[in-house]
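If you read the protein sequences in the order shown, they are chains A and B.
For the first sequence, the numbering used here gives the first residue as 324, with consecutive numbering after it.
For the second sequence, the numbering used here gives the first residue as 850, with consecutive numbering after it.
Keep in mind that the hints were calculated from the coordinates and are not lab data.
Model, not experiment: these values are computed from the prediction.
All C-beta atoms in this analysis are idealised placements derived from N, C-alpha and C, irrespective of residue type, glycine included.
Careful, some of the hints might be misleading.
[Stated by the list, open to error] Quick list of in silico lysine-lysine cross-link-like pairs, DSBU-like style, CA-CA up to 35 Å:
{"#": "1", "chain 1": "A", "residue 1": "Lys380", "chain 2": "A", "residue 2": "Lys394"}
{"#": "2", "chain 1": "A", "residue 1": "Lys394", "chain 2": "B", "residue 2": "Lys906"}
{"#": "3", "chain 1": "A", "residue 1": "Lys380", "chain 2": "A", "residue 2": "Lys393"}
{"#": "4", "chain 1": "A", "residue 1": "Lys380", "chain 2": "B", "residue 2": "Lys928"}
{"#": "5", "chain 1": "A", "residue 1": "Lys332", "chain 2": "B", "residue 2": "Lys891"}
{"#": "6", "chain 1": "B", "residue 1": "Lys928", "chain 2": "A", "residue 2": "Lys394"}
{"#": "7", "chain 1": "A", "residue 1": "Lys393", "chain 2": "B", "residue 2": "Lys891"}
[What the hints assert, rightly or not] With the Cβ distance kept under 8 Å, some of the chain A side facing chain B (calculated, not the full set):
{"#": "8", "residue": "Gly365"}
{"#": "9", "residue": "Leu366"}
{"#": "10", "residue": "Tyr371"}
{"#": "11", "residue": "Val373"}
{"#": "12", "residue": "Ala379"}
{"#": "13", "residue": "Gly381"}
{"#": "14", "residue": "Glu402"}
{"#": "15", "residue": "Gly428"}
{"#": "16", "residue": "Thr432"}
{"#": "17", "residue": "Leu434"}
[Stated by the list, open to error] Selected chain A positions facing chain B (Cβ under 8 Å, derived; list incomplete):
{"#": "18", "residue": "Tyr354"}
{"#": "19", "residue": "Leu368"}
{"#": "20", "residue": "Pro418"}
{"#": "21", "residue": "Asp421"}
{"#": "22", "residue": "Gln423"}
{"#": "23", "residue": "Tyr424"}
{"#": "24", "residue": "Pro427"}
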Amino acid sequence: NAGVTQTPKFRVLKTGQSMTLLCAQDMNHEYMYWYRQDPGMGLRLIHYSVGEGTTAKGEVPDGYNVSRLKKQNFLLGLESAAPSQTSVYFCASRPVSDTQYFGPGTRLTVL
Amino acid sequence: EDQVTQSPEALRLQEGESSSLNCSYTVSGLRGLFWYRQDPGKGPEFLFTLYSAGEEKEKERLKATLTKKESFLHITAPKPEDSATYLCAASSGSARQLTFGSGTQLTVLP
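Please put together the full structure from these sequences, using the hints given.
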């Protein structure tokens with residue numbers, strides 16, 4: 324099993340550009356999450372999904388959209404990137420038990 | 850509002866020098882207290898889950914404990930390979946969302 328994978332690993336955008344981050348898991352997990360990690364602030368929840376076709380807002384959802392069309396994939400979109408969205412983005416998934424398993428992260432820089 | 854606070858922010862130890870990391874939490878409806886390890890440039894790696902006050906779990910040189918307001922990660926006789934950032938997170942809500950602390954960066958010197 325590959326576990327949780329994230330694409331791309333690195334990306335540089337200009338202000339106003341759009342992009343989509345892909346998270347894929349091969350563990351048949353129901354729940355998936357998107358976090359951002361900024362220096363000194365820990366990980367903060369952006370959006371999450373409790374199953375295929377569902378999404379919900381987390382702590383810092385503004386400027387982001389998500390979709391979960393397939394159980395194994397959770398997409399995070401930035402429609403108009405801003406420098407404040409420069410961060411490291413982590414995806415996680417979990418089965419019915421509580422433990423969330425994290426991907427390797429995507430480092431995004433917005434100029 | 851759920852809050853998780855970790856201390857110290859950074860800790861430097863000599864190899865073999867035992868110590869503890871602290872995680873204090875204020876969470877409505879705690880469903881579990883998690884410890885993760887994060888190496889530079891990587892995603893968090895799961896270490897422990899604690900569910901009730903008084904519970905303890907061990908793994909190699911690490912032991913996690915839980916009270917009603919705090920959790921501690923005890924590191925016994927650490928080695929340089931234990932150097933990492935240790936993250937504490939509290940689970941709550943119907944989707945078991947995690948609220949993270951900002952982490953403790955541990956450096957173990959040989």
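- Would you pick out the hints that fail for this structure and give their numbers low to high? 4, 6, 14, 16, 17 and 20
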